[in-house]
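Participant: Sequences listed follow chains X and R, in order.
If you read the first sequence in this note's numbering, its first letter stands for residue 1, the second for the next number, and so on.
If you read the second sequence in this note's numbering, its first letter stands for residue 1, the second for the next number, and so on.
Hint data in this document are derived by calculation from the structure and do not stem from the laboratory.
Possibly wrong hints are sitting among the right ones.
Here are the simulated distance ranges between beta carbons [as the list claims (entries may be wrong)]:
no.	chain 1	residue 1	chain 2	residue 2	range
1	R	S27	X	E15	34 to 44 Å
2	R	N82	X	A78	23 to 33 Å
3	X	A78	R	N50	40 to 50 Å
4	X	D18	R	A2	30 to 40 Å
5	X	E15	R	N50	14 to 24 Å
6	X	G16	R	N82	45 to 55 Å
7	X	S82	R	T103	22 to 32 Å
8	X	P111	R	N50	41 to 51 Å
9	X	T68	R	T20	21 to 31 Å
What the simulated footprint calls covered on chain X by chain R, stretch by stretch (three residues with Cβ under 8 Å from a Cβ of chain R suffice, anywhere in the stretch; the number is not a length) [to be verified]:
no.	stretch
10	21 to 35
11	54 to 68
12	101 to 108
The list that follows gives simulated cross-link-like pairs (lysine-lysine, DSS-like), each with its CA atoms no further than 25 Å apart [to be verified]:
no.	chain 1	residue 1	chain 2	residue 2
13	R	K65	X	K51
14	R	K65	R	K7
15	X	K51	X	K98
16	X	K70	X	K51
17	R	K7	X	K98
18	X	K70	X	K98
These numbers come from a predicted model, not from an experiment.
Cβ atoms here follow ideal geometry from the backbone N, Cα and C, with glycine treated the same way.
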Amino acid sequence: GQQLNQSPQSMFIQEGEDVSMNCTSSSIFNTWLWYKQDPGEGPVLLIALYKAGELTSNGRLTAQFGITRKDSFLNISASIPSDVGIYFCAGQADSWGKLQFGAGTQVVVTP
Amino acid sequence: SAVISQKPSRDICQRGTSLTIQCQVDSQVTMMFWYRQQPGQSLTLIATANQGSEATYESGFVIDKFPISRPNLTFSTLTVSNMSPEDSSIYLCSVTGPSDLETQYFGPGTRLLVL
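Based on the provided sequences and hints, a complete structural model is requested.
Facilitator: Okay, structure coming up:
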């Protein structure tokens, strides 16, 4: 089956710093989604990417769908304390489908 | 995006019992899914809830353990049967559609602890 690797596993950063995380797959995806999960909550969709090469921003967040369709990255600029949480990438291989999730990146922001 | 609610939000259950989790959406959706998130882990798809027919289960999940219903386009239930402590997890429903089938939105989750 498809292998989806997300890195880094965790990041400890100072407020104001930029954050970058990525996901790579052994197979191609048609859609990449990035979610954030706060403790005790369900995942919240941050950015959705639908085309290879697509670069999309949502406020301080920027994500790109890799040209090979096997990877994606998420950047957070000028981190703030509320950026703390676990960020998941998820890939979808078909239009009806099921998502495959990365293992998550835990972000901790210190003042 | 659709507003998704789950009941209960959390529960503590005894081993050997069953718990039914409800997922309600405020508008009609095309697809509904059920995921499990074990402590400290990522999300794993249990099954796709199909309206009016049997759910489609992923490898490692079976209907006898996780029976699912979807009687209409806004509601689904997941039952965790004959529970053991290994079933302690967060159970999440997600939806897609009707206009965008490629983007999934998640409910708040049901936190289950089995003693």
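Participant: Hint by hint, note whether the structure agrees.
Facilitator: Quick rundown of the hints versus the structure:
1. Distance hint for R/S27 and X/E15: a CB-CB separation of about 38 Å, consistent with the stated range 34 to 44 Å.
2. With their beta carbons about 50 Å apart, R/N82 and X/A78 fall outside the hinted range of 23 to 33 Å.
3. A C-beta distance of roughly 44 Å is found between X/A78 and R/N50, which places it inside the suggested range of 40 to 50 Å.
4. In this structure the hint that X/D18 and R/A2 lie 30 to 40 Å apart at CB holds, the actual value being about 33 Å.
5. The given range of 14 to 24 Å is broken by X/E15 and R/N50, whose C-beta atoms sit roughly 46 Å from each other.
6. Between X/G16 and R/N82 the beta carbons are some 51 Å apart, a value that agrees with the proposed interval 45 to 55 Å.
7. Take X/S82 and R/T103: their Cβ atoms lie about 23 Å apart, and the range 22 to 32 Å holds.
8. About 49 Å separates the C-beta atoms of X/P111 and R/N50, a value consistent with the hinted range of 41 to 51 Å.
9. One distance hint, 21 to 31 Å for the beta-carbon pair X/T68 and R/T20, is violated here, with the actual separation near 43 Å.
10. For the stretch 21 to 35 of chain X, the assignment as covered by chain R holds, since 4 residues bring a beta-carbon within under 8 Å of that chain's beta-carbons and 3 suffice.
11. A count of 0 residues in the stretch 54 to 68 of chain X with a Cβ less than 8 Å from any Cβ of chain R is obtained; the coverage claim is therefore unmet, three being the minimum.
12. Using a Cβ-Cβ cut-off of 8 Å, 4 residues of the stretch 101 to 108 of chain X lie near chain R, which meets the minimum of three, so the contact claim holds.
13. Note on R/K65 and X/K51: the hinted pairing is violated, with a Cα-Cα distance of about 38 Å set against a maximum of 25 Å.
14. As the CA atoms of R/K65 and R/K7 are separated by approximately 19 Å, the hinted pair is consistent with the 25 Å bound.
15. The hinted pair formed by X/K51 and X/K98 meets the criterion: a straight-line CA distance of about 18 Å does not exceed 25 Å.
16. Between X/K70 and X/K51, the direct Cα distance comes to roughly 12 Å. Compliance with the 25 Å bound is thereby established for this hinted pair.
17. The hinted pair formed by R/K7 and X/K98 meets the criterion: a straight-line CA distance of about 23 Å does not exceed 25 Å.
18. Between the alpha carbons of X/K70 and X/K98 the distance comes to roughly 16 Å, so the proposed pair stays at or under 25 Å and holds.
When held up to the earlier numbered hints, the structure conflicts with 2, 5, 9, 11 and 13 and fits the remainder.
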